[in-house]
Amino acid sequence: MIEKKKGQVRMMETLAIMFIFFILVAMGMGTYYGFKKSSIIQEREDLFAKKAIDVSIKVSFMPELACTRGEAELKSNCIDVNKLIHLKDLMKDKEFQDYFFDLFSYANVTVEQIYPEKKEYVIYEFPKPNWTEVSETPFVVVLKDDKKTIGNEHRFGVLHVEVFR
Amino acid sequence: MKNRKKKGQVQIQFNWIFILIAGAVILLFFVGLVVKQKGVAEQGIRTEILTALKPIITAEAFSEKTKIVVEVPDEEVFFHCTDDVSNYGIQKAGVAIDTPITPIFAPESIMTTKMVSWSLPYQMPYKVMDLLIVSAINNKYYVLGDETKFRTELINFTEEFNFDEINSGEYTSLDPGDNFRIRMVVFGSTNNVFTENGGVIPKKLAAMGKKLSGVLIDKKETINGATLTFYENEYSSIGNSGTWVSNGEIDTIGFSSMGAKDSVLYGAVFAESKDSFECNMIKVFTRMNLLNKVYEKKMKTVEEHFGNTGNNDCTKFLEQLGGAGIDSFMADLQDKVGTCVSALKVCDVLGSGEWGAKKLQSTNQGLLGQGCMRIY
Chain A
1 MIEKKKGQVR MMETLAIMFI FFILVAMGMG TYYGFKKSSI IQEREDLFAK KAIDVSIKVS
61 FMPELACTRG EAELKSNCID VNKLIHLKDL MKDKEFQDYF FDLFSYANVT VEQIYPEKKE
121 YVIYEFPKPN WTEVSETPFV VVLKDDKKTI GNEHRFGVLH VEVFR
Chain B
1001 MKNRKKKGQV QIQFNWIFIL IAGAVILLFF VGLVVKQKGV AEQGIRTEIL TALKPIITAE
1061 AFSEKTKIVV EVPDEEVFFH CTDDVSNYGI QKAGVAIDTP ITPIFAPESI MTTKMVSWSL
1121 PYQMPYKVMD LLIVSAINNK YYVLGDETKF RTELINFTEE FNFDEINSGE YTSLDPGDNF
1181 RIRMVVFGST NNVFTENGGV IPKKLAAMGK KLSGVLIDKK ETINGATLTF YENEYSSIGN
1241 SGTWVSNGEI DTIGFSSMGA KDSVLYGAVF AESKDSFECN MIKVFTRMNL LNKVYEKKMK
1301 TVEEHFGNTG NNDCTKFLEQ LGGAGIDSFM ADLQDKVGTC VSALKVCDVL GSGEWGAKKL
1361 QSTNQGLLGQ GCMRIY
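The listed protein sequences derive, respectively, from chains A and B. Using my numbering, read the first sequence as starting at 1 and increasing by one per residue. Using my numbering, read the second sequence as starting at 1001 and increasing by one per residue.
For the record, the hints were derived by calculation from the structure and aren't laboratory data. Hints are not guaranteed to be accurate.
Unchecked claim - Result set (DSBU-like, lysine-lysine): computed pairs, CA atoms no more than 35 Å apart in a straight line:
hint: 1; chain 1: B; residue 1: K1358; chain 2: A; residue 2: K147
hint: 2; chain 1: A; residue 1: K36; chain 2: B; residue 2: K1038
hint: 3; chain 1: A; residue 1: K36; chain 2: A; residue 2: K5
hint: 4; chain 1: B; residue 1: K1036; chain 2: B; residue 2: K1114
hint: 5; chain 1: B; residue 1: K1114; chain 2: B; residue 2: K1261
hint: 6; chain 1: B; residue 1: K1261; chain 2: A; residue 2: K58
hint: 7; chain 1: B; residue 1: K1149; chain 2: A; residue 2: K75
hint: 8; chain 1: A; residue 1: K75; chain 2: A; residue 2: K50
Bound conformation, chain B alone:
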């Protein structure tokens, strides 16, 4: 009897232990499966974002003046451009896609469900390439300062983005709200919030840290281009205070786009910093260096064509390029483009009525007016 009782007790206990172990194994199996699937789903979301961005960057970069609004999963996307590295990707994934060719003017990072992209042509004087602007509906752009034509154009043509005009009184009471990033775009030297009051940033804005940035656009109405000063927020958690600090100044008068819209100034509004702006403009001039070689050869074809057809009226327009002819003119222009690639601060390809892109434009207009074969 005693033996049987003991056997029974052992059997019951053994049963329960067996059930516990088996149950734990099954549970662990399903938990493992769920965790694995979660990782796969997250990877899928990141791939979806990069896949959604790629056609924007391909198509936008090659079809101008279009704006695209894309819905994306809410993940932080970064855009990076320095001397050696230019790419974009998902912050968490650690995967980036290189963009050595396409100039992308965007904040350092975007976290949104709606991304907005816009491409604008850069012309000098012929189209060199498109500048791609990328932002998000939860990136806020506050515009204040002098009333200029470019400021009015900026407000009118950026409906899809999140722009607001304010005055200096409203600036002191700004609240970031749900905005992921804030950009202050200031025109002219009056109401220059970057230097007024020692450049102290209102506390609520200052708390945004590096997600707050600014650009001062000093533009003369009669001249193409402007002097740009980029600002960042030097935030201190002690006292929760921030001060505007300049991270560089660039004069675009020598290379601002000759198109209907100054794509360079638009790029400056959206670029994160001076370094990012410069890095992307260098891509433009690298392309321009190659494009000019194609146009140089075409100009010689045009010159040869006029010679073959005995069209002296047309030839005289090409002669206006300079005494030494096309070779010398283009060599000088290429030299200037090379300077733009290595030292954007002193870049000047626009020229005047006597040299540079302006001279090329007036020559082409002359050929067009005379019904001659054009350069572009």
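Chain A with its partners taken away, still in its complex shape:
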């Protein structure tokens, strides 16, 4: 009888050890996946913010907007006002909308002139339906109007890019 009970106790001991072992493993996995989840969420946020920067870079280097020097070279961070005005109107065409959607996806792109006078040009407006989050990147740019006399052709502006998810 005593031997039987000894055997049963041993069996229960083994089972208890295994149970605790698996509990510890589960706790370890839970902690690991908790850390992994928070780093994935952080990475997702970084990529979302980066998306706005990517769109800003694309806009500032667009031949449809960028200033040229008389050769074919583009000037960086400079927007030709005379192209900007026409691109703003042409963006209402479906052909332009479809093409630039492949480039910008769900985003709003606005050029705001802040000096000498305030003006706003909405180049591209395509917010995501039922969007839940928006990330905005402002980018200081120079606007150039060749119609003005030399010395008066430059303006200051801000390129606003909003991306949605």
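Following the hints, complete the assembly by docking chain B onto the known chain A.
Just chain B, lined up with the frame of chain A:
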């Protein structure tokens, strides 16, 4: 006594069976965990490659003449461009990122730890967009044939890539070595290895199969552009032999870039095949079609500005575009661009002193020289 002995025997055996089962369960659990983590790690590597490539394709496509060398995990990356589909991705992952806008001139696949990318502007006459060239340090480019200015420029400006100049004697003894892909770039018709000796490829090179390709660049020094003939290796495992077979010819004289470097010819050096080259050039002309609409409106603004300021000296340059004016000139140019999109073989937007991009360039230079408001 007998009963007790039997009970003892059963208990011992039962213990061992229990230990075996418990041990197997624990082992299976950890093996399963390791296998799962391996899959996650592989997926992570593939995501890392695609994440590393994306900024190259974004930034490179929009900042010209820069070369970027990127270290990537050693996975096979494919670049695909046909009429309907244009994308890049990891071969094993079965995941691809679409690239409907950016022209990427690259081999069909790359497997390397160091990827090299280079963007060059396409100008006609104003900048239309950047052509993105992607290759790897283990893709070998052998250059042979006539000495031309473009050949010298190609060697001088591709230090980051893996270029080597050889002669036809060295061609017969070439060994692929560790190179993943080999591209033969032949200039002119002398030493044309694609047709000499019946186009038979040396055995060691032939064994590379589809990873061996070539392009013949027939360029006249006085003319922009060249006649390009693309070649592939028709390999037969019977006899381990290969023959050069042409997969098409294109004349770029009517649309080669007007910039300091002919980005179209550079694209042809790096593009896998004629189809891939054509597919990417069509992206350029699709963009040009839209860009020309912006410039057409700007030209009218320029014309209006000259009228408002009474600047007849400037107006006369715009009048040189043709009797019917800007509308007619641009309509003709757009018509030519449309032809380039649908039939690259007969594409001609460059024009001459009387029409096309050359006419636009001379008009703009005239405006620049006179201190007038320019088209670009």
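Each hint tested on the structure:
Between K1358/B and K147/A the alpha-carbon distance is near 25 Å, which keeps this suggested pair within the 35 Å criterion. Taking the CA atoms of K36/A and K1038/B, the gap is about 15 Å. The hint holds against a cut of 35 Å. As the CA atoms of K36/A and K5/A are separated by approximately 46 Å, the hinted pair breaks the 35 Å bound. Among the hinted pairs, K1036/B with K1114/B is consistent with the structure: their alpha-carbon atoms are about 28 Å apart, no more than 35 Å.
In summary, the hint linking K1114/B to K1261/B is supported, as the alpha carbons are separated by about 25 Å, within the 35 Å threshold. In summary, the hint linking K1261/B to K58/A is supported, as the alpha carbons are separated by about 23 Å, within the 35 Å threshold. For the hint pairing K1149/B with K75/A, the CA-to-CA distance comes to about 29 Å; that is within 35 Å, so the pair holds. For the hint linking K75/A to K50/A, the alpha-carbon distance of about 23 Å falls within 35 Å, and the restraint holds.
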